[in-house]
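Undergrad: Generate the whole structure from the sequences, applying the supplied hints.
Number of protein chains: 2
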Amino acid sequence: MKVVIIGGVAAGPKAASKIMRMRPDAEVTIVEKGIFLSYAGCGLPYYISGDVRERNHLMETPAGVVRDAVFFQKVKNLKVLNGTEAVEIDRAGKRVRVKTLASGAESWLPYDNLVLATGAEPVIPPIPGVDRKNVFTLHGVHDAEGIKAVIAERRAEDVVIIGGGLIGVETTEALAAHACRVTVVEMLPQILGILDWEIARLVELHMESKGVKVMTGTKALAIESRDGAGGAVTHVRTDKGELPADMVILAIGVRPNVALARAAGLAIGETTRAIKVDDRMRTSDPAIYAAGDCVECIDRVTGRSCFVPLGSTANKQGRTAAVNICGGDEAFPGVLGSAVCKVFDFCVARTGLTERAARALGMEVVTAMAPGPDKAHYMPQSKPLLMKLVADAKTGRLLGVQATGPGDGAKRIDVAAAAITAGMTVDDVANLDLSYAPPYAPAMDNLITAANVARNKRAGLMIGVSAQDVKAKLDRGDDFVFLDVRSPKEYAQVRLPKSVLIPLGALRGRLAELPRDKEIIAFCQVSLRGYEAALILRAAGFKDVKVMDGGVAMWPYEKERA
Amino acid sequence: MKVVIIGGVAAGPKAASKIMRMRPDAEVTIVEKGIFLSYAGCGLPYYISGDVRERNHLMETPAGVVRDAVFFQKVKNLKVLNGTEAVEIDRAGKRVRVKTLASGAESWLPYDNLVLATGAEPVIPPIPGVDRKNVFTLHGVHDAEGIKAVIAERRAEDVVIIGGGLIGVETTEALAAHACRVTVVEMLPQILGILDWEIARLVELHMESKGVKVMTGTKALAIESRDGAGGAVTHVRTDKGELPADMVILAIGVRPNVALARAAGLAIGETTRAIKVDDRMRTSDPAIYAAGDCVECIDRVTGRSCFVPLGSTANKQGRTAAVNICGGDEAFPGVLGSAVCKVFDFCVARTGLTERAARALGMEVVTAMAPGPDKAHYMPQSKPLLMKLVADAKTGRLLGVQATGPGDGAKRIDVAAAAITAGMTVDDVANLDLSYAPPYAPAMDNLITAANVARNKRAGLMIGVSAQDVKAKLDRGDDFVFLDVRSPKEYAQVRLPKSVLIPLGALRGRLAELPRDKEIIAFCQVSLRGYEAALILRAAGFKDVKVMDGGVAMWPYEKERA
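Line by line, the protein sequences give chains Z and B.
With the first letter of the first sequence counted as 1, position 56 gets the number 56 in my numbering; the numbers rise by one all the way through.
With the first letter of the second sequence counted as 1, position 456 gets the number 456 in my numbering; the numbers rise by one all the way through.
All clues given are correct.
Heads up, simulated DSBU-like pairs for lysine-lysine below, C-alpha to C-alpha not over 30 Å straight-line:
#: 1; chain 1: B; residue 1: Lys518; chain 2: B; residue 2: Lys489
#: 2; chain 1: B; residue 1: Lys74; chain 2: Z; residue 2: Lys518
#: 3; chain 1: B; residue 1: Lys79; chain 2: Z; residue 2: Lys546
#: 4; chain 1: B; residue 1: Lys2; chain 2: B; residue 2: Lys79
#: 5; chain 1: B; residue 1: Lys210; chain 2: B; residue 2: Lys383
#: 6; chain 1: B; residue 1: Lys79; chain 2: Z; residue 2: Lys543
#: 7; chain 1: B; residue 1: Lys473; chain 2: B; residue 2: Lys240
#: 8; chain 1: Z; residue 1: Lys383; chain 2: B; residue 2: Lys210
#: 9; chain 1: B; residue 1: Lys2; chain 2: Z; residue 2: Lys546
#: 10; chain 1: B; residue 1: Lys543; chain 2: Z; residue 2: Lys2
#: 11; chain 1: B; residue 1: Lys240; chain 2: B; residue 2: Lys133
To be clear, the hints were calculated from the coordinates, so they are not data collected in a lab.
These numbers were taken from a predicted model, which means no experiment stands behind them.
TA: Structure below.
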């Protein structure tokens with residue numbers, strides 16, 4: 001059995017290794033255009049920051065062996081042609097034409113099965129100046145080396161990152177570690193489009209607290225130089241003015257590498273522009289498989305096609321392709337868009353559908369905001385975790401969860417990913433037997449609390465109102481009572497605009513102070529006391545009482561501080 | 001609606017608060033024998049260690065308000081009778097006789113619904129000397145105060161902990177923080193009976209590396225004093241000799257408080273001796289509910305009764321009881337025995353069935369050992385995580401997972417808990433879309449790797465042999481090749497007894513060195529290279545080749561070190 005694999009990072013080597021394990025008699029050849037194999041692309045920001053001290057660490061096995069062509073040959077019995085480009089697929093002849101980049105020599109490699117693991121490439125924005133000196137993408141090892149070289153020469157005091165997605169945000173922290181002044185320019189109204197606006201806004205506020213300038217709704221128009229046509233970048237022109245820039249990182253996203261597949265007439269996804277595969281990772285040609293960043297996936301919640309290039313998915317897909325090539329029968333069931341990234345002291349994580357995405361699909365949703373300590377609140381290592389849960393309003397089915405803050409969001413997102421995959425409702429989630437001890441979780445885990453908030457809303461016990469809606473009311477000057485039920489001490493430290501204070505413990509005795517004909521919106525730090533307050537008011541006959549979701553902890557605007 | 005709740009910690013206050021939220025017109029009275037309400041019993045070891053600096057922190061809300069009777073009255077409109085014992089339930093008359101402990105005054109409290117949240121109490125071993133001075137259990141705040149007082153007077157250099165369960169182990173670390181020399185005496189062949197032997201053994205080795213003496217298979221016979229009959233403890237006599245002891249902690253477990261329920265004729269579980277409830281948390285009397293550490297649960301994997309007292313479960317059960325009392329209809333579906341605890345630098349976590357438990361139930365199981373870094377291996381914050389997965393051999397259904405080591409096991413155990421709850425197979429688990437970024441997880445999450453190992457075993461690609469079986473072979477002097485395929489550098493640092501080294505990369509060229517007529521057991525650090533080695537050997541015609549589960553990383557015996 002002859003197998004040719006095009007692509008030597010992530011999905012390709014994974015498929016190759018798995019094939020050799022299942023069929024040691026197979027002849028497997030990996031064709032890789034670049035020099036480096038199996039490097040950890042996701043680790044590049046940490047190589048820039050210095051957390052990862054040596055480049056080789058990104059290419060080593062956990063045992064410290066560099067995964068080069070010799071390694072693949074000796075350990076895996078795999079033939080690797082790096083520095084070699086696949087230029088044409090002859091489907092009828094079942095062969096691939098390859099070109100050695102150094103010599104220009106060409107040859108044909110015959111295959112019984114072909115695996116396309118051609119990956120993705122950074123999208124370059126269509127603006128002038130993208131090829132100026134000190135303008136980089138962050139895609140390969142060479143990009144990271146270029147960025148590090150500029151930093152090492154202390155020529156990057158001001159850096160502009162164009163694009164506020166995962167890569168842009170991760171790179172921000174890496175550059176801030178070198179004391180660069182970083183500005184993130186994002187065309188959309190928020191960074192991290194994989195989050196709902198108010199969660200992304202909490203991340204923006206955190207980045208700003210670390211000295212990063214975040215400019216959303218801002219369009220980069222040109223990358224310019226005061227040193228003339230061939231000069232290195234000195235500033236970026238945007239629709240909101242000029243930004244000084246000794247270095248620019250283009251991080252507006254990636255697109256799948258499908259030129260080879262397209263030229264060979266393989267089916268390409270209409271919306272994703274990625275290679276179409278079935279759940280066996282087979283393309284429209286049964287002898288050709290594809291895996292990794294070049295393929296489109298199925299969203300397990302919606303059943304729709306999506307493009308979510310991630311190393312974790314690439315590995316699973318590479319394995320699936322290998323098993324099926326070797327005569328097995330395994331399906332890759334799709335993804336949830338689970339993602340996590342570190343942004344200074346915050347963990348940002350998400351899975352499934354955002355509220356925005358669910359509503360765009362016409363779903364009726366219930367949301368729950370659950371800020372709270374990520375461990376027993378009396379433990380010194382406990383940190384705030386800010387969660388948002390989205391569920392189907394009719395069935396209670398969990399659709400998505402987002403988390404941010406210094407607390408351990410990745411854990412809860414992974415549990416949520418399993419729960420969404422299983423089709424669990426918020427009732428199911430609320431009764432999950434999650435492990436509990438004070439150094440690891442509160443007695444009621446944050447995810448369980450979030451599910452309980454959603455249950456209370458579904459049961460009609462709690463009527464929520466979003467911070468955005470409250471802000472709009474405040475801005476309009478609506479006549480309502482914005483009732484803070486925290487303690488006087490908490491109120492003295494930080495408060496929300498136009499709020500009035502009646503501590504929860506005093507509320508029953510001070511009902512006469514509140515108007516019965518006005519809307520009352522109660523809140524506290526996390527809105528548990530706010531919820532209790534609303535119940536007290538409703539029991540006392542107040543008709544129009546709501547609770548502001550997320551309380552002070554998740555208020556995504558400026559707060560008044562003492 | 002009148003509700004009486006017996007028990008003022010965890011399940012009781014939870015049920016009471018929830019009832020008041022759903023039915024603000026209800027009259028709810030909590031009867032609590034002790035003085036303290038809603039204190040975090042699980043936090044007591046951390047109060048002893050000093051991590052939690054003030055006792056009140058264990059009784060405060062996250063906002064810093066102490067949950068005393070005034071708090072419950074003012075904030076929750078709940079009546080609390082603390083220092084009051086419930087002494088009799090008159091089911092026919094629907095009333096509870098209570099006694100004020102200070103005055104001895106008695107009265108009857110009528111109820112429409114009664115909730116028993118009477119908790120559990122420490123089991124006192126039937127040996128002489130348990131009531132000597134400086135002998136403690138660790139159950140209530142007063143125990144912790146007593147222990148702290150002895151430490152404060154520097155009278156506890158040598159401490160013996162009788163019982164190596166969760167509480168014993170957590171207390172070990174708390175005492176070691178005060179430089180006590182701690183010996184744990186456990187009657188069974190291992191500590192932490194909720195784990196399989198070899199996982200518990202890894203924890204024991206870690207404790208021993210921290211200076212703790214762990215004596216398994218050891219029976220405490222008497223707690224004695226050289227200072228005569230009324231003297232404080234000076235030593236513990238065991239069947240393996242005398243142990244010096246300035247202080248003794250009795251931590252052999254808890255039993256449910258069911259005297260009141262039993263006297264009232266309510267059904268009690270035969271094996272658990274805990275109060276029987278249906279999934280609505282209703283006892284055999286439809287007007288009486290029970291929740292928390294006094295009730296028996298259903299194991300969601302086996303469907304059998306079990307007794308797993310935990311604060312997390314108590315909160316869920318209290319909520320469920322409250323909803324049903326208020327006319328709702330909610331089920332508590334049971335538990336998985338999920339647990340986590342901190343043992344010095346190790347996180348110890350588990351959920352579902354151990355291999356031992358599954359086999360005892362007559363199940364045919366496949367196990368997978370998956371040691372590996374808990375984050376991308378090139379990240380400086382990555383730490384080793386040692387996992388064991390247990391699945392049904394026929395169906396592949398996930399039955400249980402155990403984790404230990406410095407890495408983040410709690411996260412994977414919680415994901416596993418969700419997966420087991422959903423009835424997922426190892427195929428399902430292997431394709432979970434878990435969040436990935438280098439600071440949080442490896443590209444192939446540890447749980448996914450464990451599932452893949454189990455898949456490889458089920459597919460016949462990998463034949464595993466446990467470290468225990470290998471050790472027995474070595475001890476018997478069986479004639480086999482114990483083949484280490486790590487690097488010479490790794491081998492030089494630490495090696496297993498009687499192992500021979502052929503690095504994986506050299507194996508294909510050195511096949512002639514290996515006998516074809518003998519059993520070969522291959523391994524490496526984590527047994528991924530061991531697996532590759534076995535496949536190479538099988539492909540080369542070697543007939544009897546196995547892989548040692550867990551490799552050097554999970555070898556639960558002494559290792560030879562350079």
